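K.L.:
Kindly produce the complete structure, drawing on both the sequences and the hints.
As you go down the protein sequences, you meet chains Y and A in turn.
Numbers 1 to 612, taken from the working numbering, label the letters of the first sequence in order.
Numbers 1 to 220, taken from the working numbering, label the letters of the second sequence in order.
Hints may be right or wrong, so weigh each one.
[Unchecked claim] Counterexamples of contact, computed for chain A against chain Y with all Cβ distances above 12 Å: (1) 65; (2) 126; (3) 191.
[To be verified] Only some residues are given here: those of chain A computed to face chain Y with a beta carbon under 8 Å: (4) 57; (5) 59; (6) 61; (7) 62; (8) 63; (9) 118; (10) 134; (11) 200; (12) 201; (13) 204; (14) 207; (15) 209; (16) 215.
Source of the hints: derived by calculation from the structure; they are not laboratory data.
Quick caveat, the model's predicted, so the values are computed rather than measured.
The C-beta atom is built at its ideal place from N, Cα and C for all residues, glycine as well.
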Amino acid sequence: MGNARSISTIAMAIALVSAPALVAQTYPSGTDARNGLKYGRLDAGTAMNGMRLVSFTPKAAEFDSLRGLTFVNSDLAFRGNYVYQGNFSGFSIWDVSNPSKPAKVSVVSCVTSQGDPSIVGNLLFVSAEGGGNRSDCAKGGVENPRDHMAGVRIYDVADPRNPKLIKNVQTCKGSHTHTVIPSPTDKGILYIYVSGSQGARPDSVLAGCKEGEDPADETNSMYRLDVIKVPLANPSQAEVVTGARIFTGMTPAARRSGGRGGRAGGERGAAGADSGGAGAARPIPQYGPRNCHDVSAYPAMNLLAGACGSYGLLVDISNPEKPVRLDAAADTNFSLWHTAVFSNDGSKVVFTDEWGGGTSPNCQATHMLEMGGNTTLTISADKKFKQHAYFKLPSAQTAQENCVSHNGGLVPVPGRDIMVQGWYQGGVDVIDFTDPDRPFEIAYFDRGPVDAPPAPGDTAAGAMGRGRGSIGGSWGAYWYNGLIYSSEMARGLDILELVPSAHLSANEIAAAKLVRMDEFNPQSQPKIVWPAAFPVVRSYLDQLVRGNGLPAARTTAIANALTAAERQTGAARGRALSALATQLHRDMNGAKDAARVHAMAGAVEALAAISK
Amino acid sequence: MNRFNARGATAAILFLSLAVVACARATPELPAPLETPAPAPAPAASMADHQHMPGMAMPTIPKGALYTAADVHFMQGMIAHHGQAIHMSRLAASRGANPRLLRFATKIDQSQAGEILLMQGWLRAHSQVAPGMESWRTMSMPGMLTAEQLAGLDAAKGAEFDRLFLVLMIKHHEGALRMVADLLATPRAAQDVDVSVLANDVEVTQSAEIAIMQQMLADL
Numbered sequence: 001m002g003n004a005r006s007i008s009t010i011a012m013a014i015a016l017v018s019a020p021a022l023v024a025q026t027y028p029s030g031t032d033a034r035n036g037l038k039y040g041r042l043d044a045g046t047a048m049n050g051m052r053l054v055s056f057t058p059k060a061a062e063f064d065s066l067r068g069l070t071f072v073n074s075d076l077a078f079r080g081n082y083v084y085q086g087n088f089s090g091f092s093i094w095d096v097s098n099p100s101k102p103a104k105v106s107v108v109s110c111v112t113s114q115g116d117p118s119i120v121g122n123l124l125f126v127s128a129e130g131g132g133n134r135s136d137c138a139k140g141g142v143e144n145p146r147d148h149m150a151g152v153r154i155y156d157v158a159d160p161r162n163p164k165l166i167k168n169v170q171t172c173k174g175s176h177t178h179t180v181i182p183s184p185t186d187k188g189i190l191y192i193y194v195s196g197s198q199g200a201r202p203d204s205v206l207a208g209c210k211e212g213e214d215p216a217d218e219t220n221s222m223y224r225l226d227v228i229k230v231p232l233a234n235p236s237q238a239e240v241v242t243g244a245r246i247f248t249g250m251t252p253a254a255r256r257s258g259g260r261g262g263r264a265g266g267e268r269g270a271a272g273a274d275s276g277g278a279g280a281a282r283p284i285p286q287y288g289p290r291n292c293h294d295v296s297a298y299p300a301m302n303l304l305a306g307a308c309g310s311y312g313l314l315v316d317i318s319n320p321e322k323p324v325r326l327d328a329a330a331d332t333n334f335s336l337w338h339t340a341v342f343s344n345d346g347s348k349v350v351f352t353d354e355w356g357g358g359t360s361p362n363c364q365a366t367h368m369l370e371m372g373g374n375t376t377l378t379i380s381a382d383k384k385f386k387q388h389a390y391f392k393l394p395s396a397q398t399a400q401e402n403c404v405s406h407n408g409g410l411v412p413v414p415g416r417d418i419m420v421q422g423w424y425q426g427g428v429d430v431i432d433f434t435d436p437d438r439p440f441e442i443a444y445f446d447r448g449p450v451d452a453p454p455a456p457g458d459t460a461a462g463a464m465g466r467g468r469g470s471i472g473g474s475w476g477a478y479w480y481n482g483l484i485y486s487s488e489m490a491r492g493l494d495i496l497e498l499v500p501s502a503h504l505s506a507n508e509i510a511a512a513k514l515v516r517m518d519e520f521n522p523q524s525q526p527k528i529v530w531p532a533a534f535p536v537v538r539s540y541l542d543q544l545v546r547g548n549g550l551p552a553a554r555t556t557a558i559a560n561a562l563t564a565a566e567r568q569t570g571a572a573r574g575r576a577l578s579a580l581a582t583q584l585h586r587d588m589n590g591a592k593d594a595a596r597v598h599a600m601a602g603a604v605e606a607l608a609a610i611s612k
Numbered sequence: 001m002n003r004f005n006a007r008g009a010t011a012a013i014l015f016l017s018l019a020v021v022a023c024a025r026a027t028p029e030l031p032a033p034l035e036t037p038a039p040a041p042a043p044a045a046s047m048a049d050h051q052h053m054p055g056m057a058m059p060t061i062p063k064g065a066l067y068t069a070a071d072v073h074f075m076q077g078m079i080a081h082h083g084q085a086i087h088m089s090r091l092a093a094s095r096g097a098n099p100r101l102l103r104f105a106t107k108i109d110q111s112q113a114g115e116i117l118l119m120q121g122w123l124r125a126h127s128q129v130a131p132g133m134e135s136w137r138t139m140s141m142p143g144m145l146t147a148e149q150l151a152g153l154d155a156a157k158g159a160e161f162d163r164l165f166l167v168l169m170i171k172h173h174e175g176a177l178r179m180v181a182d183l184l185a186t187p188r189a190a191q192d193v194d195v196s197v198l199a200n201d202v203e204v205t206q207s208a209e210i211a212i213m214q215q216m217l218a219d220l
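P.N.:
Here it is in structure tokens:
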């Protein structure tokens, strides 16, 4: 991206986001139902609110072990009735046609940490990063560095009972996660943005790789996301075609000190070192992002949110081979910008901070609420970030439970911005972020720790590290075609269903269930479109009642008008709805929440149009 | 890192000033200090060369294991490295650190205490010697403070403490990155997935924290 356009983006990128928001959140004081749950891997106590557990299915025998992270489940992808569940040692395919009894279709053993999956048609893509991943999938580690598989594995899963590995696409830095982005111009082409924070392998191991310090060096493997281009009809031709140099201008100087040839950093840094008693002036190198942990694409909006080191990035992906950074946000409370979820209208994005990397118990009552949680950023019309409130799981967890904000996606309730999210052993949380300054929890599911706490005075258990607890919990939780699927690292697959509560009505849940997808990869967010239907209209009405957006006399009258219209059929229903829509436009005048009334009028008109 | 150039510096300082205001509004309740676990049998000798671990001895690696002596040394050495960072961080409260620095120091304390438990758990699960929280007093790893630097930090107060803490903690974090780089450059090392994930987390977190500390240093 060494062109004139990238230079013009530099000035934009350095206009850092405004002040971190006020923290208003506190942990609940003692009455939370998630406190004190019984430990156990398969018989832990559970607590839930606003949702019910439809089914829990234990891991396949191949992965059924608690040996550290070797066999933990990772992320999910969805297509038709199949759920694809990554694992550090392979992946599982589940048939969820009957969600109360998911059927194991196949289990592929192939050492592939961390195993982040995406499904596009009959192709399953799986991220490989760990040092022990081999090209031939076998256990036992890598003897010859040339056998190391770090990149994206491509499987043909046309027959889900018999997945076939068709290609290992090697990348210089491996793939911690990846994001699929369809070509905006060619249906036969898929791009894969590869994220990961490792350094580059040497050229002697993988030709063309170079770990350099100069961000402007086009041959440098660093300071870029590798972009794989996949011809969908001929996936064995998939290859790295370019690098998304979305950091250009953010890192003017060397990243590392200590003999890597970096040039001096800022004057003040150097002066600080000098007077720090360290002897001669020692330049402090400037550290900037060289990579992202994860990027979330919203192809319908041509946007991408990158979680990159100590930055959240906003990127234009109109041309996936030449992305352009639009803005960057930093926050000293966030040390590991991890992943992002856009609101459906693209005006907000929730970024997460994976403080501690997911293996630490960072939701204890002693932990700061503005670290290891979410923050909501709004995106202005000219595509600039503004940071708003933090949100952290409002339930203090134990020292046995690894917990921090992790992966999630939208729950498609019309008129609101709601997401469901995995918090490792903090459980599954459903959060309303409609008001970016006041995010709040509307439902949760939680289990007790995998492991027992050490008994009082049991120093032997403490000495064996038992006090630390096994790693487990929800890696990611996603809404897909009416239900919530959560990948439990240590345990298996959870399927949950939202149930009505004060925060979420039956109509809102019914409207969300009307949204159907053929395929869903959480890091490549689809645009949600609601069909014309009574639950959609009634969702807006319920929201107007809940928020006093219209006087009670009007909401009652509208409810009655809807009931009457629904009893009619054909053109008579259409006429009744059209009349209601006209009335709703009048109701907007002076309404406390005119925008919602307007949205409801639109939903009524859409319903009238199909009532013939 | 946010001081890309003169224009960047202005933007960054504006941002940081606002951040200080926000932080001052939201001063957290500080957690009680974590309980210090009983130290493991302390190594007798101090180490000049981190490649050799007197007192840690040469680890016995079972046949067929995915991990190597370098992995064991990395985990043992990083416990000591983290232990010193925690010691430095716990000075902040009594040395009059500014609220923002105090929050950051508390974060380092909480982050690295969690990782020490993780590393000790891994070492014990593999029947290796697991150093204790205080092992930094007798082990030396890249970036760790000399006795003189430590005494300087210990004696510093207020703004001088803040500045010295940042300068020394940046150096300390750079040492951790060096340890990760050394591990990854060692043949057959970091193939055990727990070691690999931990090394990656150290790399990612501490790189980002160095950037944050550079911002804080620029803002002093």
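K.L.:
Against this structure, judge whether each hint is valid.
P.N.:
How the hints compare with the structure:
At roughly 9 Å from the closest C-beta of chain Y, the C-beta of residue 65 of chain A falls inside 12 Å, breaking its exclusion from the interface. Residue placement check: residue 126 of chain A does not keep its beta carbon more than 12 Å from all beta carbons of chain Y (closest about 9 Å). For residue 191 of chain A, the condition that its CB be more than 12 Å from all CB atoms of chain Y is violated, with the nearest at approximately 4 Å. The closest approach between the C-beta of residue 57 of chain A and any C-beta of chain Y is roughly 19 Å, which is over the 8 Å cut-off, so the hint fails.
Among the interface hints, the one on residue 59 of chain A is violated; its C-beta lies about 17 Å from the nearest C-beta in chain Y, farther than the 8 Å criterion. Hint status for residue 61 of chain A: violated, given a least beta-carbon distance of 12 Å to chain Y, over 8 Å. Taking 8 Å as the C-beta contact cut-off toward chain Y, the hint placing residue 62 of chain A at the interface is violated, the least distance being around 13 Å. Nearest Cβ of chain Y to the Cβ of residue 63 of chain A: about 12 Å, over the 8 Å cut. The hint is violated.
Of the supplied interface hints, the one on residue 118 of chain A holds, with its beta-carbon coming within about 6 Å of a beta-carbon of chain Y, less than 8 Å. Hint status for residue 134 of chain A: violated, given a least beta-carbon distance of 16 Å to chain Y, over 8 Å. Of the supplied interface hints, the one on residue 200 of chain A holds, with its beta-carbon coming within about 6 Å of a beta-carbon of chain Y, less than 8 Å. Given hint, residue 201 of chain A at the interface with chain Y, holds; its Cβ is 3 Å from that chain's nearest Cβ, closer than 8 Å.
Because the smallest distance between the Cβ of residue 204 of chain A and any Cβ of chain Y comes to about 5 Å, under 8 Å, the interface hint for this residue holds. Given hint, residue 207 of chain A at the interface with chain Y, holds; its Cβ is 6 Å from that chain's nearest Cβ, closer than 8 Å. Taking 8 Å as the C-beta cut-off, the interface hint given for residue 209 of chain A holds, the closest approach to chain Y being about 5 Å. Interface hint status for residue 215 of chain A: upheld, as the beta-carbon distance to the closest one in chain Y is roughly 6 Å, under 8 Å.
Hint violations for this structure: numbers 1, 2, 3, 4, 5, 6, 7, 8 and 10, all remaining hints satisfied.
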